[in-house]
Structure formats: structure tokens, C-alpha cells
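Those sequence lines, one after another, are chains Z and U. Taking this note's numbering, I'd label the letters of the first sequence as residues 1 to 1020. Taking this note's numbering, I'd label the letters of the second sequence as residues 1 to 216.
Worth double-checking, as some hints may not be accurate.
[Stated by the list, open to error] Think about it this way: if two alpha-carbon atoms lie no more than 20 Å apart in a straight line, the pair counts; the simulated SDA-like pairs of lysine to any residue are:
id, chain 1, residue 1, chain 2, residue 2
1, Z, K886, U, Y182
2, Z, K886, U, K201
3, U, K206, Z, K883
4, U, K135, Z, L460
5, U, K201, Z, P921
6, Z, K883, U, K135
7, U, K85, Z, P97
8, U, K201, Z, H839
9, U, K135, Z, P921
10, U, K136, Z, H839
11, U, K206, Z, P921
Rather than coming from a laboratory, the hints here were simulated on the basis of the structure.
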Amino acid sequence: MSADTTFDLSHIRTKLAQARGRQYWRTFEELADTEEFRAFVHREFPQNASEWLDPVGRRGFLKLMGASLALAGATACTRQPDELIVPYVRQPENLIPGRPLYFATAMPFGAGALGLIVESHEGRPTKIEGNPDHPASLGATDAFAQGSVLQLYDPDRSTSITELGEIRPWSSFSQVMGRLHTERQAEQGAGLAFLTETVVSPTLASQLQQVLTDLPQAKWHQYEPVNQDNAYEGAKLAFGEVVDAQYKFDQAQVIVSLDADVLGGGPGSVRYARDFANGRRVRKANAEMNRLYVAEHAPSPTGAVADHRLPVRAGQIEAIARAIAGGLGGGAAATGAADIDKWIAAVVSDLQTHRGRSLVVAGAGQPPAVHAIAHAINQTLGNAGNTVVYTETVAPAPVNQLQSLRELVDDMNNGVVKLLVIMGGNPVYTAPADLHFADAMKKVPVRAHLGLYDDETAALCQWHVPETHYLEQWSDARAFDGTVSVVQPLILPLYRGRSAHEVAAIFMGRPDLTPYDAVREHWQGQPAFSGQDFDKAWRRAVHNGLIEGTAFTPKTVPASTALPPETPPRKAAGLEITFAPDPTIHDGRFANVGWLQELPKPLTTLTWDNVAMVAPSTAQRLGVSTEDVVEIEYRNRRVRAPIWVQAGHAPDAVSVHLGYGRTRAGRAAEGAGFDANSIRTADAPAIGFGAQLKPTGEKYRLAGTQGHFNMENRALVRPGTIEDFKAQPDFAKHMAHVPEKSLSLYPEYKYEGYAWGMSIDPTVCTGCASCVVACVAENNIAVVGKEQVLFGREMHWLRIDHYYQGDPDDPAIYNLPVLCQHCENAPCEVVCPVAATTHSPEGLNEMTYNRCVGTRYCSNNCPYKVRRFNFLLYSDWYTPSVKLVKNPDVTVRSRGVMEKCSYCVQRINHARQDAKVQGRPIRDGEIRTACQAACPTDAIVFGDINDPTTRVAQLKAEPHDYGLLAELNTRPRTSYLADISNPNPALGPARLHEGAEEHPQPALPSVPPAGTTERNSMKH
Amino acid sequence: MAQIFSRYANSYAKAGIIGVVILVAVAFGAADRLARSPWMTRADTFREQPVQFSHQHHVGGIGIDCRYCHTSVDTATSAGIPPTKTCMNCHAQIWLTSPYLEPVRASFRDDTSLRWIRVHDLPDFVYFNHSVHVKKGMGCSTCHGRVDRMPLVYQRASLQMEWCLGCHRNPEQYVRPREAVYQMDYQPPDDQAELGARLVKEYDIKSLTNCSTCHR
């Protein structure tokens, strides 16, 4: 949706001032209540979503229609074609066709790894789940892990080893590299350089170290754009040595995030989110919760769950951190700005009363000084050892990666490097523009690249070797806490790829060393296995997905509460510009994963693009609005980007995300977004100053989904404070009138066996969108592309709505995951003319695709707007490799049918069948829906509501449980808990609901109209 | 001016209208019969298989239990089509040179799967589970017929939804004691109505007829 009017903040503010009570809004269009917006809301699907747009006249249309009908009718008369059964010759042990197997593995990612359990159907991995035994996962995953399985089957992955474009066998690569290795040996390795991403594999690190021992003049560089440089340098400043900080969110009662999206990304974020949420679940029995302060430049998942969010420029964070430290030391806590100082004073007093039980975290993009100040504050407060511990680094060879890349570029420019071996990564695309990496690289005589894709870097290398995906290789990786996770292959390499272990083996002079042997060899004789039968212990480690007892023990670091010297404030005319990894495609490595491209990015809900994100006030000052194309001029570099006005963004700053504007990434990434690396410089990789935005007068359509599926302004999200909860635990129930159960024309269903239901806790939902990708993967949900998303035709069964309240520049943010509510009085069921959507005896609202004729009456009648229609043939039925990722337990939908969340009915059926065969009832927790399983904060709970002992039944019995739009008498099976925050009374009202609020007048007539059922008449 | 239509025209028109109605009715009736006919459902038709495997010989003659080959019938959705290895368990020792068995030996030798034509082929949007049916006392022969008398396996039932629902609505008509599930020559006793009702209760058979039982 786009309004062609310019952004008018004062109009919006006037509207807000006129609003009675607290007004919750999703988009600025909604807030401004423009004509376009009203027209948009009144349509079931956005304009043009249900129209035939091709320039075909009525006559042509009828001709086509007639021909299609005749042809479709005729083809329907054919019999089912013969199908083949192709049994095994020798069936593998434990494998039963039709029954998935589950294997433990791990996904190395950045400076960490996530332990996973992967579902495999007859040898093809289809679904990623978290490994409940793994400390980084505890059973949950992030969106990247969910999407990574599609990357395995990406048809655009490189498929062959090439030398100058000619296909070569591995043996010839191995021989050529072996020969060059021998040549370099003569010079002790001088001229040989390796470039890797962050290596978290102890085996690969030891392999490379062996190479460096043999060839002392050879160099190993590490670089990826999202790295730990600032954290390492900050630790050096604070402690004089490089250590990793490991947070214990479950121990912290007051948490202060200094521009750190710790819950939404980075090593350990999945675990951190769980620990954080555990300190925040408000229940009748335990009405206590932690308090989170976030100062950040752009809204993040962490900011969205904050009790007090302070939108400030990234460059202001250091002053704020310093002021907090000063305040704690009894000094002045002032930055000069009144509202910020008030916030700081509140933080300081809260921290002081929670010594040893508080935590200050610095963001990865923040300069080392901020990290050092955070360390100093934690030391001062006695948090070190309690809520934060310091360990050796997860990366076995920690380096300042930008420094490392700089050295490599210098060496290449000076002609020192004769052979460059790039193992993973895409530095030609990801390196800061001012290093001119590509030009420097061209000066190296022999360049070899190992990578998943024939990408920008591969194009400039003579040799390219397809890399194995992590689901195709043996390896190992350390998780955020040091736990060694075993990376186990689920499938043979699809394209005969090779892993970094194999390339490193060539330079070790052992080209025949397989990755499996390399990993085993490394661990044999390590202390983790001492005193055990190695084979047996190794098998156990592979089975469990991790090596027991390898988590780091905390290190004692010199306690230093001294603050680092002040960084002189950098002054430059123009805006502050921040570069951050994209929330869904990261640094561009997932650019060709359609699931992640189409995943609405947390808070912005953008798909398929990156933007220049600015605050509403900044947009007004600059006279730009969403979808205006501007030219970002920054340090004499220019890039054109569309504007996105984001509520809650810091004023006078612009944020851009990396990962877009790829030129050789594949069919999904093609043409998506702009390349932010082209203006990023090495001295300011994350935060820069002096950007100018120049409107070009052009427009660029952005596919944000925030305005789609609008439920209109009713009491959807029901926030309250912990004081509200203590004073009136059921305050949320009083925010809307729920009619009597019996008020229905239809006879009541009896649910005698199981009755499935779900409870969602928005208090802990960070809006990270891991559940959305998990749902896509589990239920074969199609990717529709940007053009279709613009029409509002995205197919996600589960969406996360973001609601804002208050001033557009500094709003309160609420997340609300919405999926099919499985109403007991479902409005959709009664309008289906062909009974394609029906009610099950267990209360599921079933969708039967093979019955659906596509009238779309059901979605027209759905107040939650959770039904999705296949306007076109969206599912990929033809790409051979993409067929492999499909879940065989779920029908792949074709054109013309409706679909929606099924509560993962395939999982319910499997559990029921297994329980029946074993002659027992289904146990609580046996069925976990895909969204529930993926959720890092355990915000979604599913189960049998007929059994009062189940978790879900207990949650539904909580006083602050409410049904979304239950005032329409839909009696939803999915219910929500009130969104509770824990504000500091010094910063705002302690209560949002004073006294018992009167709920609005019932929306339905209290007297049933004539002709209602006998039962109703009797009641009234 | 002379009349254009003769006096019989009215009768022709009436007959024509009735004729069209009859024609449409016949067409619908024929389509309905066709849709249920073995030509559509493929019931009672033979399909040539790569190996002329005889269930009559192996089951009826030798007396091999269903589960020797269809190993996962009581544990999984699929009953399981035996791997070539299962055939070779015996045929590595008997009928070593039989030309009928050459495809089997070739499969084992070359490590290439046999490619059978699926006889019982449900549409892809139907999810059937063998293990539950076996557990609830549904005999193999209830759906598959007297396989022990089939030289070449064919589909006995229509496998159409109304056929499934026939049993799902009235399971007591077909249920048998669990120990007789694999018995090919099982005959329902005279008191099936009584036995059926008792077994439905004992086995806790739920008459599931909602869509998501099979479609998802």
C-alpha cells in the first residue's frame, strides 16, 4: 500500500491527539486515516489482488474461459497415471519408508553454532528443529536455521569445479593446488594467503594452524562483515586480553541494552531469548518480571520487548554509556538532553538497587569503547561472575577481522600474495568499498574460491570449487558457550561439493584426508575424550550432536572499572548512517533463499528489499516519505535507495541493511535492493557520519506487509503493566465484551476427546519471525515473489503484526503473532458452499484442498484475515531440487484453492496414530506445532485444552488470557495473554488501566433476532 | 402466407425438449457410472509387473506371512514394499537359475531397484496409515481381498472415498479379532453384528469421518 502524499507528521500527531484513550496503530496510513487507507481496509484483499490485470477484453476472457473449461473438463476424465514403487535393494537399518528419521547436527553461523535436529525423509533433510540438549538452542532455532534447508536445495548453487569457466575434476584442482603448495614450500609459504570467514571449527582451525606451522610465511586472514571486532577490541581495552562475554539473562533482573539486539541476532541469541523470556512470564502464581531498558537507533526485536526503549542515534550511545557509568560512580549522569538524562537517571537507580542481578550489554556495531564501558559497569555492579561470565573466545583464532582484511589487501596490492585461497565467504561483495578488494585481488596471480555459489568473488577467481552445505559435510563448531557441536551430514553432497577441510588438507600435504577423518583425528586424544573408548564416545557425541563437557569454564579477568578514554565526537554535516546485517538475509549469504527474502523483516515487515530507514520527524524535515527514492551521498560515494519511514527510529539518522544489491546471487536475489557495501568504509564499518539524502523524485514500490490483513482498530493487543496485573489480574478480559457462549444460531459442538488449543504470550514475543519460516518449511508454503506480495498475496499462514502506540518518533511497540484461531463458532465454515472447510470433533477448523473450488467466501468472512488464496500456481512443482525440500506429509497446493494454518494437523495425526498403535493417550507436549518448536522464547504453547493438567490448559486458565476478537462470538481456540510490561515508575505511568475499566458495549444484539434456535430462545 | 412450420412442429419441439432432458440425465448417469466403473477406479484390472511375482504361490501355496515382506504394516503408514534383499533371502538358494527371477537377480547384482507398478494407488492428497488399521482389527483381506488367491495382485476395492466411508461409518461390520488380521481365509462369523459391536468397544475404535483424518 502506498499513499502518494508526502509524509505529514503534524497531521498524524493531530490525529493522535484527537484520539480517545490509547490508540494502537500499525501503519502511518492507518494513523492518518487517508481515503486510500479506508478503501484498502474495506476490501477483503488489497486492490487488484482479485482482479484480472492482463489486458484481455471480455470477449477474449470468455473465449479463454470456455476453452479452459472444456480442456479442464476433458482432462479431468483421464484416469490417474501409473505410479511406480521403487523399493530399496538393501534397505538401510532403521529406515522405514514414510517414517522420518531425525539426526543431530549443528549450523555454524558467525561466531557461534546452533545445535539442530534435522528431519530426514528417505535421506533428504526437509525440516530443521532445534536440539533440546544443545545449550545454544534448547530446542528452538532462529529464522536463518529454518531457512538454511532451502539453501541446501537452492537450484542456483554452483554445481561444478571450474578453472576459468571450464569444468574440471577435483583431482586436477587438487593437483594444481598441490603443485603450487610445493612451490610455496620452497619459500616457507611466503606468498600464500588463506581468507576464511570466522572459523568456529576447532578442526579447521587446527588444520590451518598446521599449515602455518609448516609454512611459517603463509598467512591466514579471516573476514566477514558481521564480526566480533568491536567486542574483541572492547575486551582488550577493559581487560587487556581478548575474551568472550557470556550472558546469563535468567539471573538478571534489570537488563540494559546499549544498541545491542542480543535477543534478535548474534551468537547465543536463541538461548539468550529463552533465558530472558523465562524471567518475564507473568503468571497468577508468579507476578514478577525482569525489566529491560534498550537504547537503540532502529527498532529491533530486543527493542520491541523493552519496557523502556530510547530511540537515540548509534553515535549517542557512548555518551549514554559513559553517563550511566558516571552516575553509578556517584558522578554526574548528564548528556545534556532532558529526556535522555531522565532515562539515564532511572537506569542508574535501577542498576544500583540490583547489584549482581543486573546486566549491561553493548551492541556488536558499537565502538570498542562502549563495550569497555559496559564491562566496567558490570564490574562495578558486581555482575561479573553472576549475570555475565568471561571465557576464552569461541573462535579458536580470534582476530580483528577488518584489520586482517586490510593486511591482506595491502599484501595483494604490494604483489606479495602469489596464491590466494578463499574458503567460504564473498569478500568481493562484502568488503568495505574503500578497500577496493576486487582491484587488489586481481593483482594476485592465482586465486581460488570455495563457496556455495558462483558469486561475485567466484567470478574474479580462476578457480572455483562448489562448497558443501553444512547439511552435506562432516565438521565441528563451537557454540556461544564453547560447547563443541558435531556437524553431521544428512545427505551426500548434491553437487559433489568439497568442504574447507578438504582444501586445507591439500595444503597440509594430505590431499586424501577426508573431513570425517580430519574431525575424528582432531578429537582423538583431546581431553574431552580422555579415559574413554574413543569410538564409543565419538558415536555418542555424533548422536547427541555435541561433545559433553566442552563448554568453556569462566575465566577470571582482571577486574577493571576504569573507563576508556573518551572518543572525540565526530562532527560532520548531515545524518548519521548505520550499517547492520539484514534481519533475514544477513550479510547476503541467504540472498537467494526465497523463504527468507519473503519473510517480513521484524518491525519493518519489508520483504524482498532493503531500504534507507529514517525516523518520521527526519522524513518530514527532509520532505521525503516511504517509497521515495533518494540518493545517499556519504563520503563521496553514492547509492540510490528507497526511503522507509520507521516509527521509533532515532531522528537525524539513517539505517541501511547489508546483503542486498547482489549481482551474482541467483534467481531470487536478482534485482532485490541496493548494495550498502558500496558506500561502507573500513574506518566506520557500522556507524558513520555525514550522510546526505537527496530526493530524486522517483518512486520505488516496497513490499511491506504491515498494512496487509488489517483487522481494523479493535482491542487486539491488550497491554498492561505488572501493576495493572497485580491490581486486577483479569484486566485484559474487561477490554472487550465477550458474548454468552450460547449466543449462536448453530448447535454447539461437543468435544469429547482431545480439544486442541493454543496459547500465545505476546509479553515474551520478540517478533523474530523464526516461527514464520518454520511454518513455511513445515507446511510447504509457497514463495510468491515481490510483485505478488505487493498485491497482498503472500501465503504465510502465520504473520506477526506489530502495533505501535504513542508518538511516531518514540512509540511503544507490541508484537502479536496471528494465525488461524480455529474458532469454535467459525465464520468461515458456515459460508463454504462445498464444505471444504469444516469443523473436526477435536475443534480443528479443517481445510480440505481437494474440495475447495475457490469461492473465497471463507476468507471474506474471516475477521482475523488468516486465510490465504492461491491466486496463481505459486508452489514450485517443477524445479527438481526444490521438490526435495517438500514435506511429504502435507499436500502441495495448486492454483485456485484456499489454505490456512492447520495447527500442523499432520503432526497431530502422526501423534494420534502412534499413540493408538501403542495403546495410550497422546501425552502433553508430544505434539509441538512447527511455530511452537521454533520459538526461541517459548511464547507459543499447544495442546489439549480438555485436559486441565496440560500446559496450554493452565495458560488458558490464567486471569490475563483473552481471545482475539472474541467479542464477535467466534470462540477462538487460540488465545493470547495480555502483553505485560514492567515500567519504571520514574519514567512513566505505572498503570495503564486505572480502576476496573468498563468494557465497550457488546457488538452483537443482546436479543436474538426472530427465528433463532430453540436453545437460544430458551436462554433469553 | 403459408405457415412456415407444419402442425407437427409442436410435437417435435415437445419431444425434443423431453429428449434433451433425457439425454442430459443419461449423460450424467453414464458419467456417474463411468466414474465408479473399474475403468476409472482400476479395480479388478491386472497390471503387468517387472517380475511375475505370484502372491497365490507365496502366500497361498507356501504360507509366508504378510509381514515377512510387508514389514512395517503394523508400525508405519506404509506397509512397506520389500527390498530386493528380502527376495534374495530365499532366492539366493532356490530357483537360482529361473528366468522369471532374472530381474530380481539383476537388481541385486547391479544395485538398482526393481520398479513395480503401484496397484493400490491413492491420490496424493490422501494420507492413509496401515498401522492404525491393523491395530484396530482391520484384516488385510478386508481391503485387499484374497491376495492368497491372486497370481498377479490386483485391486479388489474401488478405493474411492465412499468405499472408505462405508467402513469408517460402520466399522463394526468389518472389524475382526486382532489375532485374525493377517488370516487370509478369515470368514466373518454369523454373529458379526454382535462381535463387531463388542470389538469396536474393546479396541476403542473411533468412527473418524472428519476431513483431516485423511486429507491435510
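(message) Going through the numbered hints above, which ones does this structure break? Give me the numbers in ascending order.
(response) Going through the list in order, the structure violates hints 1, 2, 3, 4, 6, 8 and 10 and respects the others.
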